[in-house]
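Peer 1: All chains should be built: construct the whole structure from the sequences, respecting the hints.
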Amino acid sequence: MTDSAVLQPGLQQPGWQMDRFIVVTALAGFALLGGLIWLETAPFMVALFVIGTVLGMALYHGAFGFTAGWRNLVVKKRGAGMRAQLVLFGLSSLIMVPMLYSGQAGLVGAVAPVGTSLVVGSFIFGLGMQLGGGCGSGTLFTVGAGNIRMVVTLVFFIAGTVLGSIHLPWWLDQPGFDPVPLVNTFGVSGAIVVQLLGLGLLARWVNRIERKAHGNLERDELLWKGQAHGVFRTLLSGRWPFTWAILILAAGNALTLAFSGAPWSITFAFNVWGAKALEVVGVNMSQFEFWTWEYPAMALKDSVLTNVPSVMNFGLLLGAMLAAGLANRFNEASRNRPEGRQFLASVVGGLLLGYGARLGFGCNIGALFSGIASASLHAWIWFACAFAGSLLGIRLRPWFRLPN
Amino acid sequence: MERAYHPTRILVVLGIILVLIMADHLSSPTFAFNSGQGNVQTALTQRDETACAPCGAPCPSTRD
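From first to last, the protein sequence lines are chains W and U. Residue 403, in numbering that gives the first Met the number 0, is where the first sequence stops; the numbers in between run on with no holes. Residue 63, in numbering that gives the first Met the number 0, is where the second sequence stops; the numbers in between run on with no holes.
Keep in mind that the hints were calculated from the coordinates and are not lab data. The structure presented is a predicted model; accordingly, all values stated were derived computationally and were not measured. Even for Gly, the Cβ is constructed at its ideal location relative to N, Cα and C. Some hints here could point you the wrong way.
Chain U is faced by these chain W residues, among others (derived, beta-carbon under 7 Å) [what the hints assert, rightly or not]:
hint, residue
1, 20
2, 22
3, 214
4, 304
5, 342
Listed next, with one range per pair, are the computed distances between beta-carbon atoms [to be verified]:
hint, chain 1, residue 1, chain 2, residue 2, range
6, W, 166, U, 15, 49 to 57 Å
7, U, 2, W, 184, 53 to 61 Å
8, U, 12, W, 162, 19 to 27 Å
9, W, 42, U, 2, 53 to 61 Å
Peer 2: What follows is the structure in structure tokens.
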């Protein structure tokens, strides 16, 4: 959750006013790009583009993210955002682990090596989340919703991923070992049970912090109905209860796995965009080991329209733009222009996010959300290290004139 | 309410992004394939299932 993404129910005017220019522009962009993908690639890529768009709307309308959820727990001792994330991980684990290990050919989980690269990368990413103002998904959906500060973060996020890709082979040579799918140790049912137990323990820890500070729990993550308007209006203009976002995000990741063969990821696309930009200005990326590996080399050579994370990111940006237009908040986000130390925070935060994401094998979506949904040990280590990095980031925020 | 953004700028930015996507696509193997040129490898239906991470990184155990 980013600073600007925290919507405040009740602030909207009673009559529904949408930003027609933004809504029409987002729909036109959706039709144009969707048509291009349809003509030039394959129907499953169109489906993934649509899924990305819906995910963008869910992230924006649900104000669902990770950064502010973690910060709220640490600073305000409120745990609804954190619990919503834990519920999402549990639900996705229940759906996707059986899918992945059903024996169906062509499905690959988000598993990754465990070692120095993962620990350092996820810690750096967590630090960058608090300085940059968002995580992987948070950065994208707020950019789509018109947030200028997050555009700066995104540009340096992309630069950071490219730098990380150049250094990743060195980091991989540091101590570490091959991926550890929990299914190999516990079986499919056992892995799900172990993960649910782990998530349950985390929820208890979150509850204890909140109860100790406030004496009660805010159960926002259990709300089913919008607080301000009816169902239809809430669906279009937000704000969605957490439960809606949880269901859509869980379904979206499972459908991504079904259509593309791999769970949802975001930051690999940033790598490809940055590397393509450098090639345009004459840098030969194949001189770097990362870009000689089969998948990155293939993605760099071919169209972004054939790259699943890129296509889904385009959808996510347009979905968030559409949602912001429907909520009449695109304008408000555009006022958020970073200056001075806040600008510096976006630059430093973006670089840390990108570098950390590459070393940590993904962001809060590709490594954490999809990693737990794939029952991979690396996701749990990523979670712990990124949270530790986030703690440091929260302490550094006041120096950058960022409110806690 | 006063607009904090310029509609023209939004259209220009989106237009530039579309042009970049098109330029990238027109020079890609997928476009060549769609144009009837055979003997090109496209990334659309290929996946590196031997990789050890979603980004295509190899396993630490396979590195010297």
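Peer 1: Does each hint fit the structure? Answer for all of them.
Peer 2: Here is what the structure says about each hint:
Given the 7 Å rule on beta carbons, the hint for residue 20 of chain W holds: about 5 Å separates it from the nearest Cβ of chain U. Because the smallest distance between the Cβ of residue 22 of chain W and any Cβ of chain U comes to about 12 Å, over 7 Å, the interface hint for this residue is violated. At its closest, the beta carbon of residue 214 of chain W sits 40 Å from a beta carbon of chain U; the interface hint therefore is violated under the 7 Å criterion. Annotation: interface hint on residue 304 of chain W holds; nearest CB of chain U at approximately 5 Å, less than 7 Å.
Among the interface hints, the one on residue 342 of chain W is violated; its C-beta lies about 18 Å from the nearest C-beta in chain U, farther than the 7 Å criterion. Residue 166 of chain W and residue 15 of chain U have their C-beta atoms about 30 Å apart, which leaves the hinted 49 to 57 Å range violated. In this structure the supplied range 53 to 61 Å holds for residue 2 of chain U paired with residue 184 of chain W, their Cβ-Cβ distance being about 57 Å. A beta carbon spacing of about 25 Å between residue 12 of chain U and residue 162 of chain W agrees with the range 19 to 27 Å that was offered as a hint.
Between residue 42 of chain W and residue 2 of chain U the Cβ separation comes to about 38 Å, which falls outside the hinted range of 53 to 61 Å.
Checked against the numbered hints above, the structure violates hints 2, 3, 5, 6, 9; every other hint is satisfied.
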